[in-house]
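Asker: Could you build the full structure based on these sequences and the hints that come with them?
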Amino acid sequence: MVVRNCREVKVRELRFLGAWDGPSDFVELTLENPGWDGYRPGQFAMLRPSGWGLDLTWGRPLSISRADAESVTFFFQVVGRGTERMAALKAGDAIIIWGPLGNGFSAPPDTPTTLLAGGMGLAPFRGYIERHPTPEFLRLVFAHRPDLDCYPYAAMSEKVRAEEVRERTPDDLPVVIERIETAVRETANGLVLACGPTPFLKTVQQAARTHGVRAELSLESRMACGVGACLGCVCKDGGDKHVQVCARGPVFKADDVRL
Amino acid sequence: MVVRNCREVKVRELRFLGAWDGPSDFVELTLENPGWDGYRPGQFAMLRPSGWGLDLTWGRPLSISRADAESVTFFFQVVGRGTERMAALKAGDAIIIWGPLGNGFSAPPDTPTTLLAGGMGLAPFRGYIERHPTPEFLRLVFAHRPDLDCYPYAAMSEKVRAEEVRERTPDDLPVVIERIETAVRETANGLVLACGPTPFLKTVQQAARTHGVRAELSLESRMACGVGACLGCVCKDGGDKHVQVCARGPVFKADDVRL
Amino acid sequence: MDLRVEFAGLVLKNPIITASGTFGFGLEFMNFGDIKRLGGIVVKGLSLKPREGNPMPRIAETPCGMLNAIGIQNPGVEAFVRDKLPLLPWRETAIIANLYASSVQEFGELTGVLAGEEGVAALEVNVSCPNVHTGGAAFGQDPTQIRKVTEQVKKCAAGKPVIVKLSPNVTDIGLCARAAQDGGADAVSLINTLLGMAVDIRTRRPRLANVVGGLSGPAIKPVALRCVHQAAKAVDIPIIGIGGIVSAEDALEFILVGASAVEVGTANFLRPDQSFRIIDDLPRAMLKARCKSIDELRGTLDVSR
Amino acid sequence: MDLRVEFAGLVLKNPIITASGTFGFGLEFMNFGDIKRLGGIVVKGLSLKPREGNPMPRIAETPCGMLNAIGIQNPGVEAFVRDKLPLLPWRETAIIANLYASSVQEFGELTGVLAGEEGVAALEVNVSCPNVHTGGAAFGQDPTQIRKVTEQVKKCAAGKPVIVKLSPNVTDIGLCARAAQDGGADAVSLINTLLGMAVDIRTRRPRLANVVGGLSGPAIKPVALRCVHQAAKAVDIPIIGIGGIVSAEDALEFILVGASAVEVGTANFLRPDQSFRIIDDLPRAMLKARCKSIDELRGTLDVSR
Ligand SMILES: Cc1cc2nc3c(=O)[nH]c(=O)nc-3n(C[C@H](O)[C@H](O)[C@H](O)COP(=O)(O)OP(=O)(O)OC[C@H]3O[C@@H](n4cnc5c(N)ncnc54)[C@H](O)[C@@H]3O)c2cc1C
Ligand SMILES: Cc1cc2nc3c(=O)[nH]c(=O)nc-3n(C[C@H](O)[C@H](O)[C@H](O)COP(=O)(O)OP(=O)(O)OC[C@H]3O[C@@H](n4cnc5c(N)ncnc54)[C@H](O)[C@@H]3O)c2cc1C
Ligand SMILES: Cc1cc2nc3c(=O)[nH]c(=O)nc-3n(C[C@H](O)[C@H](O)[C@H](O)COP(=O)(O)O)c2cc1C
Ligand SMILES: Cc1cc2nc3c(=O)[nH]c(=O)nc-3n(C[C@H](O)[C@H](O)[C@H](O)COP(=O)(O)O)c2cc1C
Ligand code: FES
Ligand code: FES
Chain A
1 MVVRNCREVK VRELRFLGAW DGPSDFVELT LENPGWDGYR PGQFAMLRPS GWGLDLTWGR
61 PLSISRADAE SVTFFFQVVG RGTERMAALK AGDAIIIWGP LGNGFSAPPD TPTTLLAGGM
121 GLAPFRGYIE RHPTPEFLRL VFAHRPDLDC YPYAAMSEKV RAEEVRERTP DDLPVVIERI
181 ETAVRETANG LVLACGPTPF LKTVQQAART HGVRAELSLE SRMACGVGAC LGCVCKDGGD
241 KHVQVCARGP VFKADDVRL
Chain B
1001 MVVRNCREVK VRELRFLGAW DGPSDFVELT LENPGWDGYR PGQFAMLRPS GWGLDLTWGR
1061 PLSISRADAE SVTFFFQVVG RGTERMAALK AGDAIIIWGP LGNGFSAPPD TPTTLLAGGM
1121 GLAPFRGYIE RHPTPEFLRL VFAHRPDLDC YPYAAMSEKV RAEEVRERTP DDLPVVIERI
1181 ETAVRETANG LVLACGPTPF LKTVQQAART HGVRAELSLE SRMACGVGAC LGCVCKDGGD
1241 KHVQVCARGP VFKADDVRL
Chain C
2001 MDLRVEFAGL VLKNPIITAS GTFGFGLEFM NFGDIKRLGG IVVKGLSLKP REGNPMPRIA
2061 ETPCGMLNAI GIQNPGVEAF VRDKLPLLPW RETAIIANLY ASSVQEFGEL TGVLAGEEGV
2121 AALEVNVSCP NVHTGGAAFG QDPTQIRKVT EQVKKCAAGK PVIVKLSPNV TDIGLCARAA
2181 QDGGADAVSL INTLLGMAVD IRTRRPRLAN VVGGLSGPAI KPVALRCVHQ AAKAVDIPII
2241 GIGGIVSAED ALEFILVGAS AVEVGTANFL RPDQSFRIID DLPRAMLKAR CKSIDELRGT
2301 LDVSR
Chain D
3001 MDLRVEFAGL VLKNPIITAS GTFGFGLEFM NFGDIKRLGG IVVKGLSLKP REGNPMPRIA
3061 ETPCGMLNAI GIQNPGVEAF VRDKLPLLPW RETAIIANLY ASSVQEFGEL TGVLAGEEGV
3121 AALEVNVSCP NVHTGGAAFG QDPTQIRKVT EQVKKCAAGK PVIVKLSPNV TDIGLCARAA
3181 QDGGADAVSL INTLLGMAVD IRTRRPRLAN VVGGLSGPAI KPVALRCVHQ AAKAVDIPII
3241 GIGGIVSAED ALEFILVGAS AVEVGTANFL RPDQSFRIID DLPRAMLKAR CKSIDELRGT
3301 LDVSR
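Chains as they are written, first to last, in our numbering: chain A, 1 to 259; chain B, 1001 to 1259; chain C, 2001 to 2305; chain D, 3001 to 3305.
In case anyone wonders, no lab produced these hints; they're calculated from the structure.
Taking lysine to any residue and the SDA-like style, the derived pairs with C-alpha atoms no more than 20 Å apart in a straight line are: (1) Lys-10(A) <-> Arg-3277(D); (2) Lys-202(A) <-> Met-3056(D); (3) Lys-2049(C) <-> Gly-1239(B); (4) Lys-236(A) <-> Gly-3053(D); (5) Lys-1090(B) <-> Pro-49(A); (6) Lys-90(A) <-> Phe-1016(B); (7) Lys-236(A) <-> Met-3056(D); (8) Lys-1090(B) <-> Leu-89(A); (9) Lys-1236(B) <-> Pro-2050(C); (10) Lys-241(A) <-> Arg-2305(C); (11) Lys-90(A) <-> Ser-1050(B); (12) Lys-90(A) <-> Leu-1089(B); (13) Lys-1202(B) <-> Pro-2055(C); (14) Lys-3288(D) <-> Thr-2203(C); (15) Lys-1241(B) <-> Gly-2076(C); (16) Lys-3049(D) <-> Asp-240(A); (17) Lys-241(A) <-> Arg-3051(D); (18) Lys-1241(B) <-> Lys-2084(C); (19) Lys-2288(C) <-> Gly-80(A); (20) Lys-3288(D) <-> Arg-3277(D); (21) Lys-1236(B) <-> Ala-2209(C); (22) Lys-1090(B) <-> Phe-16(A); (23) Lys-2292(C) <-> Arg-3202(D); (24) Lys-2288(C) <-> Glu-84(A); (25) Lys-2288(C) <-> Arg-3205(D); (26) Lys-90(A) <-> Ala-1091(B); (27) Lys-2292(C) <-> Asp-3200(D); (28) Lys-241(A) <-> Glu-3078(D); (29) Lys-2292(C) <-> Thr-3203(D).
If you only want the chain A side, here are some residues facing chain D, beta carbon under 7 Å, derived: (30) Leu-54; (31) Val-227; (32) Leu-231.
If you want the footprint, here are the derived chain D segments under chain C, 3+ residues with CB under 8 Å: (33) 3055 to 3069; (34) 3220 to 3230.
Idealized CB from N, CA, C, for every residue including glycine.
Answerer: Structural data, given as structure tokens:
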């Protein structure tokens, strides 16, 4: 895995190549190749369609889901005004994009590694699995609420050991938590990588602490700049200091962050 | 010609059927039929593409250029942010529209009538000519700066006696003014209808006064509501009172307005 | 869902009132919806004598908003009473007169003309118009003047509810709201426009003949919400929230911070049926806010950490 | 085209300065352009001691703008001088320190630390931050306090230019500008953010942990232009225009109403190379304004009718 090359991080205007034709609230956005082959899974980019006027002030942070020589792909869910407008893009539309931003997940070649994904937290693991030198060491546990078909899970489960658990109603929550804890416990001498909503990350963090398992968490936060300048996205580090999720994360060692 | 039927005046969301493929700054916008067959040329509509966010606050006023059972057509030039975004619409995009608004030009059947168009002021006369019961009484004089190909002049000149004069440089201005004055004078016992920029209308108004010719002028003004409510678009009437261009115009008798 | 609101002696079928100057006399919008469905209509600002208003240009579009310097063009209070009021559905919808004058005494006279009109449900006193050179903002920026004008209007109002409309162009809006309350106001409405300006680098001239004008629209909603929040802490009388409301959610945001009702202004220019669409959409937005009535939501903002 | 500007003892290669709090310490933007090309960089607000700032959430997006309540999180002035300043291209680009303190005396101490730093071209005194509970807006809303703080900073500045940054949340910005001038300021910069608020009807909570925050972005440009216009009439010292600038045209609008230079804030979030793009675009915009130099345009607004 290539380490982030800073000269790659600049603003580009890319063309949208076409959308995945899955359930409409879940969108796969594939853009022409910005030369990000060397990105590190877990890194993200800020996206701002060129056609946005001024009423949406910020770009939108999205994990880089995968990248190859021809293209880079994002995978997102429509949750508000920005993602709604991004979902309405048509092939050929231009997007302003800056990245790859932040750090990424560790990818030690010969360590049993459990990937814990909650919902859209699945996105960065797609490229992680594709690029990992020794995928046989990987295990994916995917917790989700919407139908499995909404996610690129099938393609991913072909490459690594994978299991999924669905929270259909709040009653299923204990089962989901149980599965997460078990998965963490079972990674005793390995590494846990987690990406998902904050309550999900809290469960992972707690379990990792309890069982003394090394873990990395990818955090979400509202972002204005994405480059460490505005201090709008901070979380508290281990020493209770505010650090930027965008620049010091979004991936943190589980012990280095207060959720 | 059917007189405005008020029940037609409501907000609709229409689909854009396709664009005229002329020089790119001049756009013909054809929308599905809103049931405006009975509009009166000179009337206008307010347009607001559904995809606009909030950053453009107002709709944009455009003269109804022509309408038939299937469609309504506008003809505009890209001059700022709103028209730029309207020009970027793709077939199938939706537009919020309210109209027909304001009054229209008189269309007496057996009166020699001279249509004086300056630049985009040509737009309303397209439908005027098409709908006029006795086009042999009509004469069109078209003053323009850009190339004639930018305008639907050719189609119009097939139906009525038409001439055009181009202002290539400011030096041509006296010739243009002369042509306008002559055209007005030559309509001694008829009717002059004019649509164009304010300096153009001033020339017409002056000439009509000098030669005692009956004239109607279609005014432009910045508009927020288009329905007479905001008082943002006013001009002064003959008695120096402020009246709304949108609701009391945009077509005024030449004597009833101060330019 | 119960959309009804009652405050300051008014009973409205829903909390959506159209704001002064943005909805004409209501009649201009009859093609676009049934104006009887509105909670209320505040008509264009009225003065004792007809006013021609400011020279053109009077409006300019700005990002997510607009500037206006209309200058209270209006046919005068008598023409309103004679020509407009009888055409309005005042038995079904609260018609609120918006009052503009350039002295305390003139405010009193103007009130006197309207006080006896059955069709007028309430009086909104515009002490905050930035677009006139005498009075206007001068009143609205000085708590002492606000109090005096309020007292005078209240005295002449023959019991009709008096709503004082406040300017945001002040250091402390709480003080202004308090002054209105002390003067006997039945409610305050806020905000009027923010003082702003736009220029054209090509002509090197202001975009408004009046040079400065009032900023309105979604751009100012955060300022308006903050002002309502501060006023709600400063006074006990009901508040009408105004500023940048374009959706049912926006309206409920103002209710949440403490408003009893709201006025919709610039949104009427986004499309002329926007106020009706906001009403249509209120029940859905109330589901989102998990409330069955407007009363249930009012002022329930949770500011604890 | 001559983009250079000179004022208050500063010589800038162009009038585009990045605004405090929106451009970090400049270093964060090195990937996106050559920061030596900027007219100046105002660094994030500095305090005597490190500050952790406000709790999260600290930012909210609003129509054509945003709210922030960062609360001057910063590593403290000493860390800045030690860790950041040496990395900045201060010989080529004016590095301006932005000062925050909660008392007149503390402002003096803070100034003292920076006064001797060769790399600091000027001091911008933030008497207008709405996001801190002691000092902050309290200073900025009171002309007497503005004057006192200015005098103190000026006294300790060892001759470095002192720029006083003003709040728009006041009844009369002219008075505030005048107070700064009277206190000896070499320039004023305005505006800081407008006090605003956003709430979430679903959670019934404010969108900022601090409840209120500062509104910035294109939404506030009309207010900012008006404030600069008023300040230009009130004082003789140079003015730096700030508020909602996203394009070269916007920048020239502020110059037209009288600003000597401008600061670009929220636009840096539209895309991180926006300030560089504005500089690139200045010559084209100057053609539009028919001027060959910034000086030629400054203050030439024609308000005659
Ligand atoms: C590093 C990072 C990577 C992400 N990767 C993905 C991804 O791969 N796929 C995906 O679907 N989503 C991802 N998200 C979340 C995604 O950024 C938000 O869903 C999106 O910004 C929502 O924008 P909106 O305008 O539709 O929603 P709105 O609610 O209208 O957004 C308003 C503002 O809040 C912010 N915001 C809203 N929800 C979130 C959230 N959950 N997290 C962070 N900011 C939020 C928005 O960015 C925007 O600035 C990621 C977030 C971060 C920080
Ligand atoms: C009744 C009427 C009919 C019109 N018919 C046509 C037509 O058929 N074809 C056509 O090309 N143009 C027509 N116009 C002019 C057209 O409305 C403007 O060119 C257009 O609104 C410019 O918008 P913009 O956002 O591109 O420009 P901007 O300069 O960004 O506009 C900013 C604001 O100013 C207003 N504005 C700018 N220029 C004008 C103008 N010349 N007249 C009125 N308002 C203006 C805009 O509507 C907008 O509200 C008409 C105007 C009116 C009042
Ligand atoms: C064109 C226009 C005219 C206005 N005229 C008046 C008026 O006559 N009296 C008044 O009190 N407010 C007037 N206002 C202010 C509005 O009633 C309202 O307070 C303000 O626009 C803020 O609300 P908004 O953001 O929803 O528009 C006017 C506003 C606009 C845009
Ligand atoms: C996230 C953020 C942080 C800010 N921090 C500071 C600060 O530390 N000191 C200061 O004087 N102004 C600060 N400001 C205000 C800006 O410098 C500027 O005055 C304001 O945002 C208006 O300009 P704009 O509309 O171009 O953003 C901050 C603004 C933002 C958006
Ligand atoms: S998003 Fe601006 S510091 Fe992280
Ligand atoms: S555009 Fe509103 S009155 Fe004419």
